[in-house]
Amino acid sequence: MTAKLELINVHKSFGTTHVLNGIDLAVDEHEVVCLIGPSGCGKSTILRCVDLLDTIDEGHILLDGYDVSAKGVNPDEVRRRMGIVFQSYNLFPHLSVLDNVTLGPRRAHGVDKDAAEAHAMTLLDRFGLADKAEDYPNRMSGGQNQRAAVVRALMSDPEVLLLDEVTSALDPELVGEVLSVIRELAGAGMTMVLATHEMGFARDVANKVAFLHEGRVLEVAPPAELFANPQAERTQQFLQRVTEAGRL
Amino acid sequence: MTAKLELINVHKSFGTTHVLNGIDLAVDEHEVVCLIGPSGCGKSTILRCVDLLDTIDEGHILLDGYDVSAKGVNPDEVRRRMGIVFQSYNLFPHLSVLDNVTLGPRRAHGVDKDAAEAHAMTLLDRFGLADKAEDYPNRMSGGQNQRAAVVRALMSDPEVLLLDEVTSALDPELVGEVLSVIRELAGAGMTMVLATHEMGFARDVANKVAFLHEGRVLEVAPPAELFANPQAERTQQFLQRVTEAGRL
Amino acid sequence: GSDGVTATGDASGCDTLPLKTAGQLTVATGEPAFLPWVGDDNPEGGDGFEAALVYALAAEMDVANVVWTRTGFDAAIAPGSKDYDFNIQQFSITEEREQVVDFSDGYYQVEQAIIGASDSAAASAASVDDLKELNLGAAIGTTSLDYIEENIQPDNDAAVFDDNVAAKSAFDAGQVDGIVFDLPTAYYITAVEITDASILGVLPREGSPEELGMLFEDGSPLVPCVNEALANLHNDGTIESLEDEWLNSGGSIPTLSN
Amino acid sequence: MAEQRRVDPDPLELNQPEVGRPPGIFAQEGFKSSLIAVVSTVVVFGGGALLIVNSPNWPKVRDQYFSGEDFRASWPKVLDGFWVNLELFAYSTISIAIVALVVAVMRSFRGAAFFPLRALATIYTDIFRGIPLILLILLIGFGLPALDIGGVPRSATFWGIVALTLSYSAYTAEIYRSGIDAVPESQRSSARALGLTQWQSLRFAILPQAVRNVVPALMNTVVSLQKDVALISILGVREAVREAQIYTARTFNYTSYVVATLLFLAISIPLTRVVDWYTARDRRLRSQAPV
Amino acid sequence: MAEQRRVDPDPLELNQPEVGRPPGIFAQEGFKSSLIAVVSTVVVFGGGALLIVNSPNWPKVRDQYFSGEDFRASWPKVLDGFWVNLELFAYSTISIAIVALVVAVMRSFRGAAFFPLRALATIYTDIFRGIPLILLILLIGFGLPALDIGGVPRSATFWGIVALTLSYSAYTAEIYRSGIDAVPESQRSSARALGLTQWQSLRFAILPQAVRNVVPALMNTVVSLQKDVALISILGVREAVREAQIYTARTFNYTSYVVATLLFLAISIPLTRVVDWYTARDRRLRSQAPV
Ligand SMILES: Nc1ncnc2c1ncn2[C@@H]1O[C@H](COP(=O)(O)OP(=O)(O)OP(=O)(O)O)[C@@H](O)[C@H]1O
Ligand SMILES: Nc1ncnc2c1ncn2[C@@H]1O[C@H](COP(=O)(O)OP(=O)(O)OP(=O)(O)O)[C@@H](O)[C@H]1O
Ligand SMILES: [Mg+2]
Ligand SMILES: [Mg+2]
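Chains as they are written, first to last, in the working numbering: chain D, 1 to 248; chain B, 1 to 248; chain Z, 1 to 258; chain A, 1 to 291; chain R, 1 to 291.
Keep in mind the hints are simulated off the structure, nothing from the lab.
Because the structure is a prediction, the values reported are computed rather than measured.
From the three backbone atoms N, C-alpha and C, an ideal C-beta is built for every residue, glycine too.
It cannot be assumed that every hint is accurate.
Stated by the list, open to error - Going by beta-carbon spacing under 10 Å, a handful of chain R positions derived as facing chain A:
no.: 1; residue: I94
no.: 2; residue: S95
no.: 3; residue: V152
no.: 4; residue: S155
no.: 5; residue: T157
no.: 6; residue: G179
no.: 7; residue: Q200
no.: 8; residue: V215
no.: 9; residue: T248
Based on the sequences and whatever the hints tell you, model everything.
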């Protein structure tokens with residue numbers, strides 16, 4: 001069986017900084033993979049590369065077995081099949097929340113206004129933002145912004161959802177909500193890659209956890225296995241520190 | 001004994017949104033107070049008002065017993081005695097990390113360049129940023145940015161430190177470090193107010209936890225008491241949801 | 001442009017005049033047109049030397065109707081065809097200009113004069129050499145400027161102004177000591193516009209006389225006809241009497257020595 | 001637990017918060033320095049004005065620049081000309097906005113494939129910005145019709161607008177570009193991530209923010225265009241400044257220019273105020289960033 | 001656990017990634033549309049050029065605008081004048097930058113206490129931006145010295161620079177302001193939170209970012225100033241455009257203007273390129289925001 005998403009020997013540098021150092025990773029359909037690792041290890045960069053927002057220097061990114069990192073691929077088509085939520089949410093400040101979340105479906109997918117807005121209101125409601133639909137992002141709190149960004153990514157029913165520390169700006173009350181939404185999505189067959197610092201979250205929601213260090217995947221395993229019995233020394237260290245910080 | 005910092009009946013609206021609805025809160029010297037509560041309850045706004053970055057509509061903010069929210073107070077003088085770290089760190093993108101953290105001491109406090117840089121390097125080193133001193137904020141990861149912002153606030157040896165979800169962008173490995181620094185600061189007599197979504201963190205480091213709801217302080221108590229035995233119904237609800245999210 | 005057309009040439013083509021609009025002479029002049037060349041910015045009134053000359057010319061050529069239009073200096077010298085028969089606004093005839101447009105024969109020989117404050121150092125100048133150390137000015141597009149550069153060669157480059165108004169203002173502001181105009185303009189300006197200045201002297205003529213001519217689009221067939229009429233007006237003394245009426249009204253001004 | 005909870009603080013101790021202020025905290029520096037600035041400005045300008053009005057030649061200068069009689073005399077002609085200005089101004093604003101947008105968008109496309117487009121746009125801005133407007137008007141307004149090519153219009157007004165458009169669109173394109181560049185890269189990423197094409201990202205996500213960023217600079221261009229329209233008069237079009245010039249050349253009195261200036265100000269100042277007000281409102285509505 | 005770990009994928013299946021592409025994913029739209037744009041541009045411009053060169057009057061027009069002989073003849077004088085331009089340009093750039101900064105800073109102060117300062121700055125920009133530069137030069141360059149006030153310089157150059165400064169600083173102040181406004185509010189908060197005064201926050205945190213935001217708009221102003229310096233010629237100063245005009249008026253040949261244009265381009269194009277290059281480098285260095 002082909003993996004839904006596969007990274008093969010992916011390299012990426014910014015100038016002289018070698019950020020990704022030969023990433024190999026496979027994500028099957030219906031699978032939720034969490035990327036964990038210290039700050040700066042390249043989690044966000046991987047997600048950006050998968051969404052073709054950064055071009056990789058070497059290696060291949062396969063979606064349904066097709067090399068989407070190859071020359072001549074239309075990246076817009078690829079991106080329309082994925083959703084991404086950024087660490088710093090990046091809503092459009094000049095658009096209301098409703099316009100923010102309907103922009104993608106209406107323009108990239110050709111959904112008509114009414115249909116898009118109806119769909120949007122359902123999702124906004126689910127995330128407790130129904131009354132903020134007409135508000136502008138800069139007038140909302142960080143948490144409200146991040147929730148709107150999640151809704152925006154979900155609007156186009158992506159085949160693969162990439163989430164970059166989506167809970168970091170959320171207050172704990174809402175983390176539960178988002179978690180259950182993600183669980184729901186996973187149940188409905190959504191393939192997801194999450195970069196996260198929340199080990200509890202990773203343990204709870206992931207099928208596989210990948211530990212990254214200096215631009216390499218050091219080990220990949222189901223969370224129960226990886227958290228209980230880390231193989232690499234660096235993983236052990238990392239998990240120990242995390243435990244000390246009271247986050248596991 | 002006068003409290004180090006005291007908020008009395010503080011009101012604040014943005015346009016028609018009543019965000020703070022009569023906040024009463026006292027923070028003694030050497031005390032660490034955590035503000036918890038759902039997203040949008042006004043935690044960030046309280047910190048901004050205390051640092052005189054927003055003007056309050058009604059009420060009083062006392063620092064060492066003096067009403068610093070009164071007319072005719074020079075806010076710069078007040079701010080020089082406090083440090084604040086923002087939820088979205090807000091480093092200056094045109095300055096290197098070193099210049100970011102030495103700007104305040106050099107310009108507002110008149111510390112000379114060499115002394116400021118020496119002090120900066122010590123602190124940067126403590127936060128694992130010594131090798132990023134010459135880098136620009138936009139080239140660093142979120143975690144690196146947030147650590148630099150903490151260093152910037154600590155540079156002027158503030159009497160009161162205001163922290164707005166400083167750990168939300170940090171990876172779990174580093175949360176422990178920051179925690180211990182904050183513990184250290186508390187031991188050295190630093191007065192702190194923290195807005196946080198990390199209940200574990202609040203329980204660990206706070207002398208008092210204040211639960212906010214819709215712009216009001218619903219209850220204030222030592223963390224052991226508040227977490228174990230919340231009085232208000234809304235507090236109980238909140239803590240229950242947080243527990244469900246696996247964050248307590 | 002100078003395709004060998006001369007005033008004495010056979011003017012047989014002039015029986016039916018090659019006019020832009022049959023039966024009427026369309027003449028352009030400046031905007032505004034001013035004395036002593038055109039009275040009251042109203043060429044239709046026939047006052048002023050150039051206006052009067054055009055009407056005399058029309059009569060000589062048997063054209064009953066004269067229609068005036070206006071053009072700026074730039075539009076007059078732009079390439080391409082013109083929608084008037086000729087343009088009259090004190091254009092000096094030079095060889096370089098003849099490359100681009102055609103000129104009639106000269107209708108007036110210009111002399112240059114310098115004006116300055118009556119109580120200034122310039123007032124005592126007796127020779128062209130005495131002018132060398134003054135700050136001089138002239139308006140652009142005039143041969144006054146050429147005269148300064150070629151014959152006076154002042155120590156400081158002459159200031160060059162857009163028009164007579166600006167030259168006058170610089171004089172008021174004390175930025176120039178003397179301005180060079182053609183003599184008729186100098187008469188007019190000192191009489192009406194700069195009353196606290198006077199003509200310090202007429203400048204001696206150098207080289208071939210400078211003549212004003214009417215400007216035609218390049219290759220205009222009308223040139224010989226106008227030249228023929230001009231010659232007739234010269235011969236019968238019309239032009240001379242117009243000069244006396246409009247241009248030589250200043251009394252006697254000393255000519256500076258070389 | 002109860003002793004930890006705050007209950008109504010004694011409001012009496014707040015009645016005299018002024019007493020015993022620590023030194024340095026209380027100051028009205030803002031107010032003081034503002035007062036000083038205003039007073040010194042008034043002194044400088046007022047003093048200058050007095051000096052001017054009392055100078056020996058003031059009556060003469062006043063008559064030459066600010067004479068009531070000449071104001072009345074030149075007013076009708078200059079006003080007539082001003083309608084021409086407004087017409088030319090309206091047409092050129094529209095064509096400039098469109099051409100500039102196209103050029104700016106061309107310049108902001110990414111990727112090697114678009115290099116020729118970017119290069120073309122760069123050359124366009126460099127050349128047309130660098131050529132003095134006066135020359136452009138002469139070249140195009142006199143040169144092109146002189147070529148006598150069939151079907152090419154001869155109207156001075158038409159070619160004047162073309163010349164203005166070429167020059168001003170180069171400037172305006174650069175302004176758009178600066179607005180586009182000021183939008184954070186992450187906004188572009190977000191838009192592309194939604195599956196929008198480069199053009200859609202620009203159109204829906206980047207440009208609306210970009211234009212907001214540069215409204216003052218665009219206003220600059222509009223105000224300056226309003227005045228530069230007058231250069232078309234080289235081609236013989238009689239607009240307000242030309243009428244003022246004609247009046248001045250006839251009477252040797254500059255008051256007609258003051259008339260023209262007042263007409264320009266009567267458009268530009270209200271326009272500026274309206275745009276400022278709108279921008280401020282827009283900012284208040286959308287952009288009060290809680291940190 | 002081992003079966004979960006990825007070990008070297010078979011690289012062979014990658015040799016033909018092109019085979020069996022799902023429709024729509026693969027396209028070179030960017031390249032194609034870029035090609036179309038370039039080809040059509042070349043066709044339009046090339047066709048236009050051919051039409052011009054083959055038009056009946058082209059030789060005449062060419063001689064009047066692009067004659068080698070006149071080029072050589074006018075070159076020395078125009079070049080002489082160009083040095084005057086550069087000098088005036090240098091002085092006015094400096095004074096404009098300073099005055100504009102002061103005005104922009106005045107306008108960006110917050111708080112009721114600073115209202116008079118802001119109002120003053122607003123009036124300044126409105127007035128001096130609205131007055132046609134030509135009138136300002138006439139009024140100041142001829143009017144002020146004509147007053148005959150003791151100690152007031154008479155030099156046309158001096159007053160020309162004053163007039164340029166008044167007009168251009170009003171425009172430039174608005175550009176600075178747009179840059180200042182584009183810096184997020186949170187940056188100002190951060191700076192104030194460090195205890196910096198309003199002025200220090202502007203100086204160290206806001207202005208450096210603001211100026212970066214508006215470099216292209218500032219370049220616009222610089223390029224346009226470079227040309228508008230020529231307006232000082234109204235006062236009789238003989239700079240490049242004036243020398244070109246003199247030549248044209250004498251010979252009825254416009255080639256001298258082309259000489260002046262080339263001189264202007266010789267400054268403005270390299271300047272633009274250097275600034276662009278510097279801006280791009282700066283951006284690369286500092287602002288590649290990882291999202
Ligand atoms: N555009 C860029 N230019 C230069 N360096 C970059 C850029 N983007 C990222 N980096 C560097 O690449 C490294 C990896 O960054 P990345 O954001 O992927 O880390 P991360 O694992 O997401 O970290 P965090 O947990 O802090 O978000 C960091 O050291 C960062 O400084
Ligand atoms: N400048 C502003 N203009 C208008 N509304 C604002 C502004 N700043 C904050 N608000 C509103 O005030 C409320 C409180 O915001 P605040 O940022 O203080 O919440 P918070 O408790 O910090 O939330 P979070 O945990 O999500 O950071 C929110 O509903 C927000 O929308
Ligand atoms: Mg990251
Ligand atoms: Mg907050």
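Results for each hint:
| no. | hint | verdict |
| --- | --- | --- |
| 1 | I94 | violated (20 Å) |
| 2 | S95 | violated (16 Å) |
| 3 | V152 | holds (9 Å) |
| 4 | S155 | violated (18 Å) |
| 5 | T157 | violated (20 Å) |
| 6 | G179 | holds (8 Å) |
| 7 | Q200 | violated (12 Å) |
| 8 | V215 | holds (7 Å) |
| 9 | T248 | holds (9 Å) |
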